[in-house]
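Single-letter residue listing:
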Amino acid sequence: AAGVIQSPRHLIKEKRETATLKCYPIPRHDTVYWYQQGPGQDPQFLISFYEKMQSDKGSIPDRFSAQQFSDYHSELNMSSLELGDSALYFCASRYQGAPNTEAFFGQGTRLTVV
Amino acid sequence: GDSVTQMEGPVTLSEEAFLTINCTYTATGYPSLFWYVQYPGEGLQLLLKATKADDKGSNKGFEATYRKETTSFHLEKGSVQVSDSAVYFCALTFSGNTPLVFGKGTRLSVIA
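Protein chains in written order, with the numbering used here: chain A, 1 to 114; chain B, 1 to 112.
These are calculated hints, taken from the structure and not from any lab test.
Warning: the hint list may mix true and false statements.
[What the hints assert, rightly or not] Quick list of the computed label-pair ranges, beta carbon to beta carbon:
| # | chain 1 | residue 1 | chain 2 | residue 2 | range |
| --- | --- | --- | --- | --- | --- |
| 1 | A | R63 | B | L46 | 38 to 48 Å |
| 2 | A | R16 | B | K60 | 22 to 32 Å |
| 3 | A | S86 | B | R107 | 38 to 48 Å |
| 4 | A | A98 | B | N22 | 26 to 36 Å |
| 5 | B | K68 | A | H10 | 39 to 49 Å |
| 6 | B | P10 | A | E17 | 41 to 51 Å |
| 7 | B | N22 | A | Q96 | 26 to 36 Å |
| 8 | A | S7 | B | T5 | 30 to 40 Å |
| 9 | A | T112 | B | R107 | 37 to 47 Å |
| 10 | B | T28 | A | R28 | 22 to 32 Å |
| 11 | B | T20 | A | T18 | 42 to 52 Å |
[Claimed, not checked] Here are some of the chain A residues that sit facing chain B, going by a computed Cβ distance under 10 Å:
| # | residue |
| --- | --- |
| 12 | T18 |
| 13 | T31 |
| 14 | Y33 |
| 15 | A103 |
A virtual CB, placed ideally from N, CA and C, is assigned to each residue, including glycine.
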């Protein structure tokens with residue numbers, strides 16, 4: 001079965017650079033979530049989209065922005081990168097059309113800021 | 001706000017030992033509850049879930065029962081294997097597009 005696809009899997013950027021992370025949800029899933037997981041930490045919710053509209057906002061820095069496109073894929077744009085942005089970034093997708101459905105996670109993008 | 005509290009790790013067990021990882025939650029209303037597992041270098045995978053009180057989720061020998069009276073969802077396995085070594089996250093969410101709220105995670109190491 002198709003899973004959530006994230007690209008790239010690994011990314012190395014220098015401080016103050018920008019990065020774009022992409023997420024392709026499972027077909028028919030209408031909701032996308034972005035999470036940030038620091039080393040040894042639990043995933044922290046950043047932002048989510050439902051039907052291409054932002055639906056919830058967590059601890060996303062102002063330097064970050066995200067959007068969901070007409071094909072439901074989502075991109076997380078990160079600017080003025082800082083060393084502390086180094087983390088694993090997960091995307092998850094979910095289908096709201098049925099009750100109590102779980103979110104499915106991608107493999108994540110490991111971002112290293114040097 | 002809604003929150004999930006897990007027992008702190010790491011937990012180190014010998015193969016075939018009994019496992020319990022405690023999870024309690026605080027939420028307004030009745031959330032769905034999940035256990036996710038994260039193997040080294042990988043993403044989070046759903047292990048099991050329960051959507052209402054007294055539901056029992058089970059998968060791969062793991063079980064957890066949704067206890068509304070104690071707001072708990074403890075994870076258990078009767079006989080762990082080395083391949084169960086991973087980080088386990090308890091999580092909750094509500095219907096609709098609300099995000100998952102995760103616990104801090106519990107690292108399990110199983111030694112042969």
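Against the structure, the hints come out as follows:
1. Our hint of 38 to 48 Å for R63/A and L46/B is violated, since their Cβ atoms are close to 31 Å apart.
2. For R16/A and K60/B, the Cβ-Cβ distance of about 45 Å falls outside the hinted range of 22 to 32 Å, so the restraint is violated.
3. A hinted range of 38 to 48 Å for the beta carbons of S86/A and R107/B is inconsistent with their spacing of about 20 Å.
4. Roughly 30 Å separates the CB atoms of A98/A and N22/B, a value that falls within the hinted 26 to 36 Å.
5. The hinted window of 39 to 49 Å between K68/B and H10/A holds, with their beta carbons roughly 42 Å apart.
6. A beta carbon spacing of about 35 Å between P10/B and E17/A contradicts the range 41 to 51 Å that was offered as a hint.
7. Taken as a hint, the range 26 to 36 Å holds for the pair N22/B and Q96/A, whose Cβ atoms sit roughly 31 Å apart.
8. For the hinted restraint 30 to 40 Å between S7/A and T5/B, the CB-CB distance of approximately 34 Å keeps it satisfied.
9. With their beta carbons about 22 Å apart, T112/A and R107/B fall outside the hinted range of 37 to 47 Å.
10. Separated by about 30 Å at the C-beta atoms, T28/B and R28/A satisfy the suggested range of 22 to 32 Å.
11. One distance hint, 42 to 52 Å for the beta-carbon pair T20/B and T18/A, holds here, with the actual separation near 45 Å.
12. Contact between T18/A and chain B, as hinted, is not supported at the beta carbon level, the nearest pair being about 24 Å apart and thus beyond 10 Å.
13. Given the 10 Å rule on beta carbons, the hint for T31/A holds: about 5 Å separates it from the nearest Cβ of chain B.
14. A cut of 10 Å between beta carbons decides the hint on Y33/A: the least distance to chain B is about 5 Å, and the hint holds.
15. At about 6 Å, the closest approach between the beta carbon of A103/A and any beta carbon in chain B falls short of 10 Å, and the interface hint on this residue holds.
The structure is inconsistent with the numbered hints 1, 2, 3, 6, 9, 12, although it conforms to all the rest.
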